[in-house]
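**Q** When we follow this note's numbering, the leftmost residue of the sequence shown carries the number 1, and every step to the right adds one.
Please keep in mind that the hints were generated in silico from the structure rather than gathered at the bench. The model shown is predicted, which means the values in this text are computed figures rather than measured ones. Ideal Cβ placement from N, Cα and C applies to all residues, glycine included. Among the hints, erroneous ones may be present.
Pair by pair, the computed Cβ-Cβ distance ranges are [stated by the list, open to error]: (1) 14 - 50: 39 to 45 angstroms; (2) 46 - 75: 27 to 33 angstroms; (3) 30 - 65: 45 to 51 angstroms; (4) 35 - 56: 37 to 43 angstroms; (5) 50 - 30: 28 to 34 angstroms; (6) 23 - 45: 28 to 34 angstroms; (7) 36 - 67: 48 to 54 angstroms; (8) 15 - 35: 56 to 62 angstroms; (9) 23 - 47: 50 to 56 angstroms.
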Amino acid sequence: RNRRAVEAEKCARAWLSRQAAELERELEALRLAHEEERIGLNAQAACAPRCPAPPRGPPAPAPEVEELARRLGEAWRG
Numbered sequence: 001r002n003r004r005a006v007e008a009e010k011c012a013r014a015w016l017s018r019q020a021a022e023l024e025r026e027l028e029a030l031r032l033a034h035e036e037e038r039i040g041l042n043a044q045a046a047c048a049p050r051c052p053a054p055p056r057g058p059p060a061p062a063p064e065v066e067e068l069a070r071r072l073g074e075a076w077r078g
């Protein structure tokens with residue numbers, strides 16, 4: 001019976017060892033993918049303008065907004 005327990009423990013250790021190795025490979029692949037993505041994003045950020053251009057003035061209202069404002073004004077006045 002003791003021999004069976006030792007064999008079962010050896011099997012469990014071997015399985016755990018394989019699982020650990022697989023997880024380490026997966027972790028390394030994820031780390032490399034993250035590093036590549038980080039490098040790409042840093043390159044994009046380096047090419048992007050630092051600050052957005054200041055607004056030139058108030059945005060022009062869309063024609064629908066102007067029409068709605070006119071109709072609401074008429075309704076308000078009666």
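**Q** Run every hint past the structure and note whether it holds.
**A** Here is what the structure says about each hint:
no., hint, result
1, 14 - 50: 39 to 45 angstroms, "violated, 56 angstroms"
2, 46 - 75: 27 to 33 angstroms, "violated, 54 angstroms"
3, 30 - 65: 45 to 51 angstroms, "holds, 49 angstroms"
4, 35 - 56: 37 to 43 angstroms, "holds, 41 angstroms"
5, 50 - 30: 28 to 34 angstroms, "holds, 31 angstroms"
6, 23 - 45: 28 to 34 angstroms, "holds, 32 angstroms"
7, 36 - 67: 48 to 54 angstroms, "holds, 51 angstroms"
8, 15 - 35: 56 to 62 angstroms, "violated, 31 angstroms"
9, 23 - 47: 50 to 56 angstroms, "violated, 37 angstroms"
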